[in-house]
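Trainee: Residue strings, one per chain:
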Amino acid sequence: MYDKILLTTMGEYMDEIIEHTLNLIQGEAEVICIYIVETSVPFLTPKKVKEMMIDELTAKGKDILEDMSKGFDKPGINFRKLMVKGNPADEIVKAATDEEVDVIVMGTGKSIVDKHLLGSVSEKVVHSAPCTILLVRTAN
Amino acid sequence: MLEIIALVGLLIISLIIVIKSADVFVDNLVEIGGALGISQIILGVTASAIGTSLPEFGSAVIASLSGSTELGVGTVIGSNIWNIAGILGISAVVAGSIRTGSEGLTRDWLMTLGTGLILLFFMLFGDITWTAAVVMIAAYCFYLWLLIKAQKKHSDEDGQEKEKESQNIDETPEKLEKNSEKTINKKSIAFVIVGFVGLVIGCRLMVYSGVELASIAGIPAMIMGLFTLAIGTSIPELVVTLSSAMKGLHDLSIGTVLGSNTFNILIGIGVPALFMSVPVERLSLTFDAPVMIFVTILLFVLVRKSNMKLNRVGGIILLATYIVYAFLRIFVLT
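Each protein sequence line maps, in turn, to chains A and B. Sequence positions in the first sequence follow my numbering and run 1 to 140. Sequence positions in the second sequence follow my numbering and run 1 to 334.
Any given hint could turn out to be false.
Stated by the list, open to error - EDC-like, lysine to aspartate or glutamate: derived pairs with alpha carbons at most 20 Å apart:
#1 Lys85/A <-> Asp114/A
#2 Lys153/B <-> Asp55/A
#3 Lys47/A <-> Asp156/B
#4 Lys60/A <-> Asp27/B
#5 Lys47/A <-> Asp27/B
#6 Lys60/A <-> Asp251/B
#7 Lys309/B <-> Asp114/A
#8 Lys4/A <-> Asp114/A
#9 Lys153/B <-> Glu103/B
#10 Lys47/A <-> Glu28/A
#11 Lys60/A <-> Glu103/B
#12 Lys153/B <-> Asp102/A
#13 Lys74/A <-> Glu28/A
#14 Lys309/B <-> Glu100/A
#15 Lys50/A <-> Asp251/B
#16 Lys186/B <-> Glu281/B
#17 Lys70/A <-> Asp55/A
#18 Lys20/B <-> Glu51/A
What the hints assert, rightly or not - To spell it out: a stretch of chain A is covered by chain B in this simulated footprint if at least three of its residues, at any positions, have a beta carbon under 8 Å from a beta carbon of chain B; those stretches are:
#19 17–28
#20 49–62
#21 98–109
Said to hold, decoys possible - The following label-pair restraints were derived from C-beta to C-beta distances:
#22 Glu51/A <-> Leu146/B: 21 to 27 Å
#23 Lys47/A <-> Leu146/B: 24 to 30 Å
#24 Ser155/B <-> Gly86/A: 25 to 31 Å
#25 Ile219/B <-> Ser120/A: 40 to 46 Å
#26 Ile5/B <-> His116/A: 29 to 35 Å
#27 Ala150/B <-> Glu51/A: 33 to 39 Å
Since the hints were made in silico from the structure, they are not lab data. Quick reminder that beta carbons are idealized off the backbone N, C-alpha and C, glycines included.
Let's have the full structure, built from the sequences with the hints guiding it.
Mentor: This is the structure we're talking about:
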């Protein structure tokens, strides 16, 4: 049913997200796992610190994508890693559009306090996604 | 009234000048250092340690040179209390939790605590003189050496891992721009000078507006340093700590605060003390410095109790501690 799946992760609740994605696959599928290096920093952040943050996030993203690939090391699954820089919600929607995926899988489950203080990427994606979305209720 | 508005405006503008100048100064100094062949590890560690703390250092030095030594000491101690209780408190409340590794926490926390105790020890003898300054600067060199050693180990491990795994990740192209040969360019030298001049002028304006505001409002310069200038000069720490906590870069978050506190005392007080005795107010010895050490210990207890993370409750406890401290210092003990 779903031949091309876009999977988003920031490194949390990977097991739940992998499990639900595997449940979607019947036969063969292409799974694209996207990690977004968020490059925005507040005004007055020192430039060198910003560069350091981006380097750290890039290294973290590589580790996360590597871990995710292990979960999809199964016959019939073509797994692809994708790392982009920018605003997470915008980049997820853009990747889904460019890659013409059938479904986006992402975690959700922030508390009300967290949603107010940190914002919710999944809520933003829901409003502008070009395809079906599976929101996996995570441990929170 | 107009004078107060003008001075507050000057204070805000000077703060922005100081912070941006410090950024330009450090950034271009690192460029020149890289071109001169200094290791990227040494440059990276030093730049991140100094980058966010230069405003406190600059204001402490300028305050001392312009005869407002208590303002400088107040800015340093006030910044350190605000960094832990205020900034980490706010970051933990907003981000939900800040995790930390035990190795990094132990090293940076022990250094911050040791630094506070060194300061308290020298304060017991009255003014902080050049002998204390030499010990402080030597202690900071030791800390930098520890940081560089840890970073080298980390980089070696990273390098080995990268060799093992073959990366086939689609990335955005700008990532590949690094590693080009560098030479010293005149622009970098010019920007270092511009940054330095901006830092000096900005700090001078900031100290002037701080002293004038204190005198008009009838509050001691020490209080101005402990709160207004301390919080103002800690804006870089606030933005770095908060945004890195929100992005999940937890070590950078706590590391920035602890590293900054160590720098503030050892260099922020150590360097001015090399040139002139830094007078110690009685309340600094009996209240401010002990509170600074108390919040350092409180942070460690909160992190250890919550399984190596500072959670939202811990953040609220730290913020409440800061509010109690500010209330007592401004309204009860002045």
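Trainee: A separate judgement is required for each hint: does it hold in the structure or not?
Mentor: Hint check results:
1. Lys85/A <-> Asp114/A: 23 Å, violated
2. Lys153/B <-> Asp55/A: Cα-Cα ~17 Å, so holds.
3. Lys47/A <-> Asp156/B: 25 Å, violated
4. Lys60/A <-> Asp27/B: Answer violated: Lys60/A to Asp27/B is near 24 Å, above 20 Å.
5. Lys47/A <-> Asp27/B: Satisfied, since the Cα-Cα distance of roughly 7 Å is no more than 20 Å.
6. Lys60/A <-> Asp251/B: Holds. Lys60/A to Asp251/B sits at ~12 Å (cutoff 20 Å).
7. Lys309/B <-> Asp114/A: 17 Å, holds
8. Lys4/A <-> Asp114/A: Cα-Cα ~31 Å, so violated.
9. Lys153/B <-> Glu103/B: 13 Å, holds
10. Lys47/A <-> Glu28/A: Violated, at about 45 Å.
11. Lys60/A <-> Glu103/B: 19 Å, holds
12. Lys153/B <-> Asp102/A: 44 Å, violated
13. Lys74/A <-> Glu28/A: Distance of about 10 Å is within 20 Å: holds.
14. Lys309/B <-> Glu100/A: 40 Å, violated
15. Lys50/A <-> Asp251/B: 15 Å, holds
16. Lys186/B <-> Glu281/B: 45 Å, violated
17. Lys70/A <-> Asp55/A: Between Lys70/A and Asp55/A the Cα gap is close to 23 Å, so the pair fails against 20 Å, i.e. violated.
18. Lys20/B <-> Glu51/A: Within the cut-off at roughly 16 Å; holds.
19. 17–28: violated (count 0)
20. 49–62: holds (count 9)
21. 98–109: violated (count 0)
22. Glu51/A <-> Leu146/B: 21 to 27 Å: 23 Å, holds
23. Lys47/A <-> Leu146/B: 24 to 30 Å: 25 Å, holds
24. Ser155/B <-> Gly86/A: 25 to 31 Å: About 27 Å separates the Cβ atoms of Ser155/B and Gly86/A, which means 25 to 31 Å holds.
25. Ile219/B <-> Ser120/A: 40 to 46 Å: 43 Å, holds
26. Ile5/B <-> His116/A: 29 to 35 Å: Given range 29 to 35 Å: holds, Cβ gap about 34 Å.
27. Ala150/B <-> Glu51/A: 33 to 39 Å: 19 Å, violated
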